[in-house]
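These protein sequence lines map, in sequence, to chains A and B. Quick note: the first sequence, position 156, residue 156 per the UniProt record's numbering, numbers continuous. Quick note: the second sequence, position 130, residue 130 per the UniProt record's numbering, numbers continuous.
Be aware that one or more of the hints could be misleading.
Because identical chains cannot be distinguished in the list, a pair is counted as satisfied if it fits within a single copy or across any two copies.
Here are the computed lysine-lysine pairs in the DSS-like style, where the Cα-Cα straight-line distance is at most 25 angstroms [what the hints assert, rightly or not]:
hint, residue 1, residue 2
1, K314, K332
2, K333, K308
3, K332, K165
4, K67, K192
5, K310, K333
6, K294, K332
7, K261, K333
I should point out that these hints are in silico values taken from the structure, not numbers from a laboratory. Just so you know, these numbers come straight off a predicted model, no measurement behind them.
Protein chains: 2
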Amino acid sequence: MAEESGVALVGSDLQVKKAREEEENNGVSVSSVSVEMEGCNNNISSIIPGWFSEISPMWPGEAHSLKVEKILFQGNSDYQKVLVFQSSTYGKVLVLDGVIQLTERDECSYQEMITHLPLCSIPNPKKVLVIGGGDGGVLREVSRHSSVEQIDICEIDNMVVDVSKQFFPDVAVGYEDPRVMLHIGDGVAFLKAVPEGTYDAVIVDSSDPIGPAQELFEKPFFESVAKALRPGGVMCTQAESIWLHMHIIEDIVANCRQIFKGSVNYAWTTVPTYPSGVIGFMLCSTGGPLVDFKHPMNPIDADDTHCKSKGPLKFYNSEIHAAAFCLPSFAKKVIDSKGK
Amino acid sequence: MAEESGVALVGSDLQVKKAREEEENNGVSVSSVSVEMEGCNNNISSIIPGWFSEISPMWPGEAHSLKVEKILFQGNSDYQKVLVFQSSTYGKVLVLDGVIQLTERDECSYQEMITHLPLCSIPNPKKVLVIGGGDGGVLREVSRHSSVEQIDICEIDNMVVDVSKQFFPDVAVGYEDPRVMLHIGDGVAFLKAVPEGTYDAVIVDSSDPIGPAQELFEKPFFESVAKALRPGGVMCTQAESIWLHMHIIEDIVANCRQIFKGSVNYAWTTVPTYPSGVIGFMLCSTGGPLVDFKHPMNPIDADDTHCKSKGPLKFYNSEIHAAAFCLPSFAKKVIDSKGK
């Protein structure tokens, strides 16, 4: 175990065993990326004294490090290792299984984009489901939408909820909205039990597909999401980095094109403390009224009443919404071709 | 000195002394950021064995690290420390004074954006000047434009040119174009001697403002650039990260609004191996025919004849050109307000 402060931390020395089925064409599931943890000792070792370093087989050969002022929490939940530390320049940091989930300084871009990209693309969203997102940041953003009547969240790990409420009050503030109903449990099972056509939007705020979130990147899960949505309803799910994970993205896009009968789109944003500095989102709609994600029709920045209680949006605006769908040529080529 | 391979490297433990004049309003020059190097031993020490770590007072409290396969070159030029190493997942890497300048894997986004953002915004660019950019990558991109008749480049450090030709042939290929004329010398002095109205475009591909590039972020330099441009000519200069350097960007924007009588704009792109994962550009035009950078009128992706000799564009396209000018709310607020 690490001491209270000034301790060096690194993600465990994982060995990825990519046992992916060698189907090189459509429909390859990412589910078969499995991981063996070797030399894993509570995600902590002593490489850079006083710094946390994020080393993972998901981004081999590179690491991002933050200087640690003080370790605030360490625990093993039923699902993962949970760590909170005070960094010297990014505020408090939440780490799950050695991977940074959010920092106070840059969480705005992820939370605002994963929420408002789908919710600003449809008129008057009323029922919203969040899968994962235990920190509460997505809830905070969903609750800016005055049309919303019901916000369900299904998070598998109660420790993430508790830790967020204790150490990240500006993120967990989302739980204070009376429209929020928290369900602690498996998102896959929760979705299976949802009556068909229940939600206007489902937001999947998951960690990487090598831990408890693995199933959330698989085809059966996307089928459950599509079923739970009303016609013309929308899904937004975390979909990795175009710089690091095109092979995973290809699979997600191919799966979604098979399952979602409306539109299927990839968007992205910048998050400095995520590997490669960017993170992407898969945005899909079910058959029914056409959803044109690239031209938002429910502009939240046109009305600032929500800012009085929650503060202004820091990152999202309608211009950056549209821009998020413009891809570099190397990514556009792969995504446009996949599954057409 | 480090051994041939498997050596740990970090940027020197710099102590920034920010002796900026305390003028908190417009017109604060960034020139007064000075740096004292303490414990600097050829930018090399032994913190993560086998990894290069980029630690700098320009991004305190965080570091990005790349695994080193082999050190290929180390030298001290008259201006800076030059290092080339083979990384395990980003190809070869060029480092100046401990700061990553380019990697083979992600150089495309920087080189293509800093070049085509200005050159696709004006009709038929003929004369182009590059300040800095000794690696040749900007030259490679400029030479895609068939209208260009003359490409001058003024690079202060001959060692950067030599090292790029030796280790980065796919970048230095830009020097092979017969339209290119290389001038080794001080860009500031070079520009002062340029007859008024000579160039259609000036591209300033500089390192950070705490080394040999310091003067390239100052007002007198921008005045020389404006003078060297024809009416309605354009400048594009490296302009740091919105996540890390808003105070520097504010100053650059304020200076440019005073000096350039056409349009003044900030754009940005993603480069995983730059701090915070993004880098910005200042795009300005002189008085004369209006330049609307946000709606490119010289689309290079409409004509692929240049791809036959140089390969396809990997990053740039017309959509991402326009998207690059869409800013997160926190940055837009500062940039829009500054110097209006």
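**Asked** Does the structure break any of the earlier hints, and which numbers would those be?
**Response** Numbers 3, 4, in rising order.
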